[in-house]
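Peer 1: Sequence:
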Amino acid sequence: MNTTTDTRLEGPNEDRQRLYDVLFGLQSEMEKVSKTTGVISYKRYAEMLWSKLGFAKDDGPFKAFERQLIREMRSIPMDDLVDKALTDPATLKGLLELPGVIALWTTGDASVTRYQKWKVLKSQVGQSVHQLIGESIEPTMTTKSFLRQEPRSDHGRVVSIVADDKMKALREHIESAKPTKIVVVEDSRKNLDAVQKLALDIDPVIEVVPIWCTSTREGTELRASDRTKFDQVCSDTMNIASMSEILEKTNQIAPDDRTLWLIDFDGVVADNVQMRERQMDAKMRAIQSVLPDVHTERDILDLLEKAKV
Numbered sequence: 004m005n006t007t008t009d010t011r012l013e014g015p016n017e018d019r020q021r022l023y024d025v026l027f028g029l030q031s032e033m034e035k036v037s038k039t040t041g042v043i044s045y046k047r048y049a050e051m052l053w054s055k056l057g058f059a060k061d062d063g064p065f066k067a068f069e070r071q072l073i074r075e076m077r078s079i080p081m082d083d084l085v086d087k088a089l090t091d092p093a094t095l096k097g098l099l100e101l102p103g104v105i106a107l108w109t110t111g112d113a114s115v116t117r118y119q120k121w122k123v124l125k126s127q128v129g130q131s132v133h134q135l136i137g138e139s140i141e142p143t144m145t146t147k148s149f150l151r152q153e154p155r156s157d158h159g160r161v162v163s164i165v166a167d168d169k170m171k172a173l174r175e176h177i178e179s180a181k182p183t184k185i186v187v188v189e190d191s192r193k194n195l196d197a198v199q200k201l202a203l204d205i206d207p208v209i210e211v212v213p214i215w216c217t218s219t220r221e222g223t224e225l226r227a228s229d230r231t232k233f234d235q236v237c238s239d240t241m242n243i244a245s246m247s248e249i250l251e252k253t254n255q256i257a258p259d260d261r262t263l264w265l266i267d268f269d270g271v272v273a274d275n276v277q278m279r280e281r282q283m284d285a286k287m288r289a290i291q292s293v294l295p296d297v298h299t300e301r302d303i304l305d306l307l308e309k310a311k312v
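In terms of my numbering, the sequence shown has 254 at position 251, counting the first letter as 1, and numbering is strictly consecutive.
One or more hints might be untrue.
[Claimed, not checked] Think about it this way: if two alpha-carbon atoms lie no more than 30 Å apart in a straight line, the pair counts; the simulated DSS-like pairs of lysine-lysine are: (1) Lys171 <-> Lys181; (2) Lys60 <-> Lys311; (3) Lys66 <-> Lys55; (4) Lys66 <-> Lys87; (5) Lys60 <-> Lys309.
[Said to hold, decoys possible] Cβ pair distances, simulated, as ranges: (6) Pro92 <-> Thr253: 16 to 24 Å; (7) Lys232 <-> Leu203: 42 to 50 Å; (8) Glu178 <-> Asn16: 42 to 50 Å; (9) Arg174 <-> Glu308: 38 to 46 Å; (10) Arg230 <-> Pro207: 31 to 39 Å; (11) Asp296 <-> Arg70: 14 to 22 Å.
Treat the hints as calculated values from the structure; they're not laboratory data.
Remember, predicted model here, so these are calculated numbers, not experimental data.
Beta carbons are placed, not taken as given, at the ideal position from N, Cα and C, and that holds for glycine.
With the hints as extra help, turn the sequences into a complete structure.
Peer 2: The following block contains the structure:
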């Protein structure tokens with residue numbers, strides 16, 4: 004149930020786009036740093052954004068800003084962003100009956116603020132799986148205790164791989180589970196290539212079936228900017244617009260009991276276009292909470308401009 008009020012600030016579309024580019028450009032910088040540290044941290048993001056706004060980390064309001072940013076990010080509703088196919092019991096049951104092991108695979112802040120685990124938990128996908136396989140989540144399992152758990156097998160055929168570095172976590176899973184076929188459903192063509200290279204490095208015998216999800220941010224942007232290239236990629240790569248289409252391609256995929264179904268969360272399971280809009284609003288609300296004179300995207304852009312001087 005969506006219980007968060009939409010408090011998106013009004014402002015010219017151009018200002019919103021410019022601020023969007025700044026906020027998510029900064030997030031990309033944070034993720035690049037994580038390739039060295041091995042950890043994605045929204046606490047680090049808070050420091051970077053605070054500095055970009057022209058303030059020092061030891062300024063009094065910083066800790067309040069950091070806490071509010073994490074609180075706002077965690078408050079983002081996720082259940083209505085999930086692919087409708089995964090909220091349909093019949094479709095979800097069909098996916099769970101496919102031969103092999105299904106892995107919900109995602110990268111993000113999984114260890115510092117655990118925001119990525121919050122996202123997965125709030126999507127309700129795990130709870131739906133539990134209900135369909137006839138198991139119940141322990142009523143004594145609080146949100147905090149759930150988030151403290153390491154990624155683990157929730158059921159014999161359903162696992163979660165939620166990590167700061169999902170490629171490293173995937174390598175460990177493949178080396179342990181030893182699948183003979185990996186069906187990877189991703190919204191990122193770069194990640195599709197990376198999985199193929201990783202599997203080849205671990206064991207050249209492993210067959211990889213890449214499936215590109217086109218209804219996500221990367222797919223929609225490519226379709227809008229270069230329709231010819233989009234059509235060519237779709238011609239060269241198996242693709243879907245929704246997880247329901249996986250069931251239509253089962254004969255083509257030919258899975259068996261040693262197949263690993265690698266399903267990306269951000270983009271495939273959950274709409275990452277709308278998710279980013281909500282994340283932007285959450286970041287703006289966090290800024291507003293400690294800077295009461297900030298009301299619009301333009302106000303934040305003005306602060307960013309002053310900080311450059």
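Peer 1: Hint by hint, say whether it matches the structure.
Peer 2: Quick rundown of the hints versus the structure:
| no. | hint | result |
| --- | --- | --- |
| 1 | Lys171 <-> Lys181 | holds (15 Å) |
| 2 | Lys60 <-> Lys311 | holds (17 Å) |
| 3 | Lys66 <-> Lys55 | holds (16 Å) |
| 4 | Lys66 <-> Lys87 | violated (38 Å) |
| 5 | Lys60 <-> Lys309 | holds (17 Å) |
| 6 | Pro92 <-> Thr253: 16 to 24 Å | holds (19 Å) |
| 7 | Lys232 <-> Leu203: 42 to 50 Å | violated (26 Å) |
| 8 | Glu178 <-> Asn16: 42 to 50 Å | holds (48 Å) |
| 9 | Arg174 <-> Glu308: 38 to 46 Å | holds (44 Å) |
| 10 | Arg230 <-> Pro207: 31 to 39 Å | holds (36 Å) |
| 11 | Asp296 <-> Arg70: 14 to 22 Å | holds (20 Å) |
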